[in-house]
Each structure stands twice: as structure tokens, then as C-alpha cells.
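Asker: Each chain, letter by letter, is given below.
Number of protein chains: 2
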Amino acid sequence: MGVNASDVPTATTCDHYCNQTLESRHKDGGVNNYIIYGFPYSTNTWRALAVLNEKGLPYTRIKVDLRSGEQKKQPFLSINPFGQVPVLKDGEFKLAESRAISEYLETAHRSSGSQLLDHESYKTMGTQKMWIYIESFKFDPPSTILNYEQAIKPLMGLKTDYKLVNETVPKLEKVLDVYEERLKNSSFLAGESFTLADLYHLPNIQNLMGTPSKILFETRPSVHRWVANITARPAWKKACDVNW
Amino acid sequence: MGVNASDVPTATTCDHYCNQTLESRHKDGGVNNYIIYGFPYSTNTWRALAVLNEKGLPYTRIKVDLRSGEQKKQPFLSINPFGQVPVLKDGEFKLAESRAISEYLETAHRSSGSQLLDHESYKTMGTQKMWIYIESFKFDPPSTILNYEQAIKPLMGLKTDYKLVNETVPKLEKVLDVYEERLKNSSFLAGESFTLADLYHLPNIQNLMGTPSKILFETRPSVHRWVANITARPAWKKACDVNW
Chain X
1 MGVNASDVPT ATTCDHYCNQ TLESRHKDGG VNNYIIYGFP YSTNTWRALA VLNEKGLPYT
61 RIKVDLRSGE QKKQPFLSIN PFGQVPVLKD GEFKLAESRA ISEYLETAHR SSGSQLLDHE
121 SYKTMGTQKM WIYIESFKFD PPSTILNYEQ AIKPLMGLKT DYKLVNETVP KLEKVLDVYE
181 ERLKNSSFLA GESFTLADLY HLPNIQNLMG TPSKILFETR PSVHRWVANI TARPAWKKAC
241 DVNW
Chain E
1 MGVNASDVPT ATTCDHYCNQ TLESRHKDGG VNNYIIYGFP YSTNTWRALA VLNEKGLPYT
61 RIKVDLRSGE QKKQPFLSIN PFGQVPVLKD GEFKLAESRA ISEYLETAHR SSGSQLLDHE
121 SYKTMGTQKM WIYIESFKFD PPSTILNYEQ AIKPLMGLKT DYKLVNETVP KLEKVLDVYE
181 ERLKNSSFLA GESFTLADLY HLPNIQNLMG TPSKILFETR PSVHRWVANI TARPAWKKAC
241 DVNW
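Protein chains in written order, with my numbering: chain X, 1 to 244; chain E, 1 to 244.
Derived by calculation from the structure, the hints in this document are not laboratory data. You can trust all of the hints, since none of them are fake.
Pairs involving identical chains hold if they fit within one copy or between any two copies, as the list cannot separate such chains.
Straight-line C-alpha distance at most 25 angstroms; calculated BS3-like pairs for lysine-lysine: (1) K174 to K94; (2) K153 to K171; (3) K153 to K72; (4) K159 to K171; (5) K73 to K174; (6) K89 to K72; (7) K89 to K238.
It should be emphasised that the depicted structure is a prediction, and the values quoted were computed from it without experimental measurement.
Throw the hints in and build the complete structure from the sequences for me.
Answerer: The following block contains the structure:
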């Protein structure tokens with residue numbers, strides 16, 4: 001454990017939420033602070049917060065109440081017409097999609113905090129991008145279904161579709177079999193250092209480790225070592241603290 | 001039409017295929033040429049070839065016969081354990097995932113051919129990345145289902161699942177409604193120039209324009225103008241020529 005583990009850089013984090021309109025909440029963000037529109041239980045929000053924490057960047061969190069569907073109504077739809085969190089705001093500049101936010105922050109602040117991509121070597125960055133897209137297209141689809149069915153639906157009082165779970169488990173197993181081979185010889189997916197490629201997996205893994213699907217990770221020793229390592233990062237623990 | 005259209009840069013392209021082993025075919029690639037393992041009807045292969053064409057880079061195509069399942073057997077599995085094309089090879093360096101290949105080529109050859117990302121402005125690149133991930137997570141899932149059911153299955157002699165098609169069409173419509181609003185005021189998704197964000201949409205659009213789902217694009221005037229514009233690019237027409 002602890003290969004390439006880094007302390008979370010100290011950051012001035014200002015968290016604020018009350019019964020204001022979205023717009024007035026927005027104005028609370030200082031000009032030097034990033035604003036994240038998100039929700040404490042949103043796994044995609046955790047992804048963006050983890051990067052802000054890893055980079056040691058100050059930010060203000062603005063809660064968009066997903067329980068009441070605030071994200072699907074104005075004024076939020078004018079911030080993101082897809083009606084989803086997180087959204088990053090920096091003055092007038094705004095960005096949706098947690099992975100785009102992550103890559104923007106890593107690129108713009110490459111010398112701050114943890115280095116999450118290699119900006120010096122095109123080939124190393126190419127390998128990192130390959131694992132980033134493996135997460136998007138191989139890991140995310142089955143793990144999002146399993147997360148939704150087993151972790152989110154019970155929270156919402158909805159019934160898990162076990163037929164869908166049983167159809168999806170073998171798809172995730174096939175992906176994790178490739179990961180196991182990779183991680184036998186590599187501390188992290190894209191090499192010997194923790195990168196965005198690992199970080200992008202954290203939200204679904206975090207939830208799945210609280211469901212019966214945790215066995216898929218625990219029965220693969222190298223995957224299990226990797227999961228223990230990346231979920232223990234202080235920046236991650238701070239990102240998925242739901243008390244805000 | 002034709003906003004930011006660029007001529008395809010002249011490139012020396014060497015295409016070669018015969019009854020060799022994968023390994024001997026690999027050795028045919030010159031040291032200064034990129035090698036693409038792919039298949040003429042593979043939409044993901046077209047994506048990587050389009051970038052090579054846009055950048056004016058020389059390459060050798062090596063056919064992996066998806067009809068006989070060559071991609072799911074050795075020796076190809078040692079090239080990509082996920083058993084999918086395309087794979088880019090440059091000497092000993094290899095890369096899977098068409099979007100990772102695309103971003104590697106664009107980054108490593110930023111001053112060649114068409115400029116497909118803005119490497120000077122973090123914010124502009126951030127917006128481009130946002131539209132890249134919108135393609136990955138919003139457009140690709142429904143459009144891949146519609147492509148598979150309506151274009152690929154008939155080619156393979158399989159029966160289209162019309163119930164699935166009917167469930168998927170409204171999902172793609174919701175995405176295209178957002179695109180329509182965006183493209184009313186913007187020549188391309190990420191701004192006034194053609195980027196990888198547009199290019200990534202081409203494979204599924206190309207196939208869907210030959211199916212009943214083309215109406216989803218044609219009934220949205222700004223989307224229709226954009227589709228006509230990006231599918232007309234010479235680099236794209238060359239990429240999806242199946243005669244190799």
C-alpha cells in the first residue's frame with residue numbers, strides 16, 4: 001500500500017449553503033475560488049472534488065438539490081442544459097462533465113499538488129489517456145448500472161432489478177480480469193504513479209464496495225490492493241464526505 | 001457549409017494486407033509510419049484513421065478480421081487484451097481506444113495538418129474536452145445502440161430489436177435537442193472550428209444517416225447543417241472507404 005501516496009495539500013476550502021436562489025449562491029464564490037455546483041451524494045461531484053483536493057485548490061461548493069429535481073429546472077438548466085452536476089465555474093467560464101473538469105484543473109494547475117497526468121511525455125500521457133478511455137467505455141457502463149441498482153436505488157426507496165444486476169456482473173468481471181493482469185505488474189493502471197485514470201474509477205468503486213459486488217474486487221488480489229490504495233487517499237476521503 | 005473546411009494534407013499512405021500472420025504483417029510497417037490494426041467496417045477504426053488523415057500523417061493499415069473473430073484470439077489479444085480494434089503502433093509503443101489514439105496523435109503532431117484541439121488556451125481546451133466527454137457519455141451510448149441495431153445487425157444477418165430501438169430514440173433526441181440549441185449559435189460543438197469533439201461523432205453519424213434514424217438529424221436544421229459539414233470533410237471520406 002501507499003505507493004506514490006501523497007499528503008493532501010493544504011487548501012482554504014469555503015463551504016456554504018443556505019436557502020438562497022442558485023444565482024445568489026453563485027455570487028458567494030470569491031473571484032479566486034473555483035465554484036462547484038454539486039450534491040453531497042453525487043458520485044460525479046466526488047470525482048471533481050477529488051481533483052480539487054489532490055491539487056490543493058480552494059473551492060466553494062454550491063448544493064443543487066437533486067432530490068427535488070433542481071438540476072432539471074431553471075436556473076440550473078441555463079448553467080448546464082443537460083441538467084447534471086457537477087459544473088465548475090470560474091468567473092464567467094463554466095464547464096460540465098466531471099472528467100472534463102478534472103482534465104482542465106490538472107492541465108491549468110499542473111505544478112500544484114499531486115501530478116495526475118504526465119505533461120512532459122506524449123507517450124506516457126497517451127498511455128494515461130488510453131486507461132482514461134478504458135474507464136469511460138469499459139468500466140463505467142457496467143459499474144454505473146451496478147452502482148445505480150444496488151447503491152442508489154435502495155437510497156431512493158426503489159427496487160433493485162436483480163435480473164439486470166445478474167446480466168451486468170459478468171461484463172464487469174471481464175473488465176476486472178484485464179485489470180488484474182495489468183495490476184500484477186503495475187502499481188496503478190497507467191504505470192507506477194496515481195493518475196486521473198485511477199481517480200476516475202473511484203466514485204463507482206466507493207459505492208460498490210458497500211454492495212454485494214465488492215466481492216468482484218476482493219477476489220482479485222491485485223485489483224484489491226489497488227482499490228485499497230486509491231480509496232485510502234486523503235483527497236478522496238475528503239471528496240466523498242457527504243456532510244455539506 | 002464549409003466553415004473552417006480544410007483540404008486533406010497530402011500523405012504517403014501504404015496499405016497492405018495478405019494471408020500473413022499478424023506478426024509478419026506488423027513487420028511490414030516502416031519505422032517512420034504509424035501502424036493501425038483495424039477493420040474496414042469498424043467505426044472505431046474510422047475514427048483513428050480520420051485523425052491520421054486530418055493530420056496528414058503516413059500510416060500502414062493492418063486488417064484484423066473481425067468476421068472470423070481474429071481480435072478475440074492470440075496473437076491479437078497480446079496487442080490489446082480487450083480484443084478490440086483499432087490499435088496504434090509506433091515501434092514498441094502501442095495504444096488502444098480510438099479517442100486516446102486521436103488525442104495522442106493531435107498532441108504529438110499539433111503543428112501538422114488540421115488543428116483539432118487548442119493547445120494554447122486551457123479554457124478553450126477545457127470547453128473542447130467538455131464536448132468530447134458529452135460525446136462519450138451522452139451521444140455515444142444511444143447512438144451506438146441505434147447503429148448496432150439498425151446498421152450492423154442487418155449486415156451480420158441478425159434481427160433488429162425494434163423495442164430497443166424505440167426505447168433508445170427518445171434518449172438520442174434529448175441529446176440532439178441540446179445540440180440544436182448549441183449549433184444555432186456555433187458552427188461546431190466546441191466553437192467556430194472543427195475539433196476532435198465533432199470528429200468523435202462521425203462514425204455513428206455516418207452509419208445512422210443510412211438508417212431510419214437519419215430523420216433525427218435531418219429534422220433539426222442546425223444539427224443537419226453540422227452533419228452535412230463534418231461528413232463532407234475529405235479526411236473523413238477517406239477514413240471510411242472500406243476498400244482495403
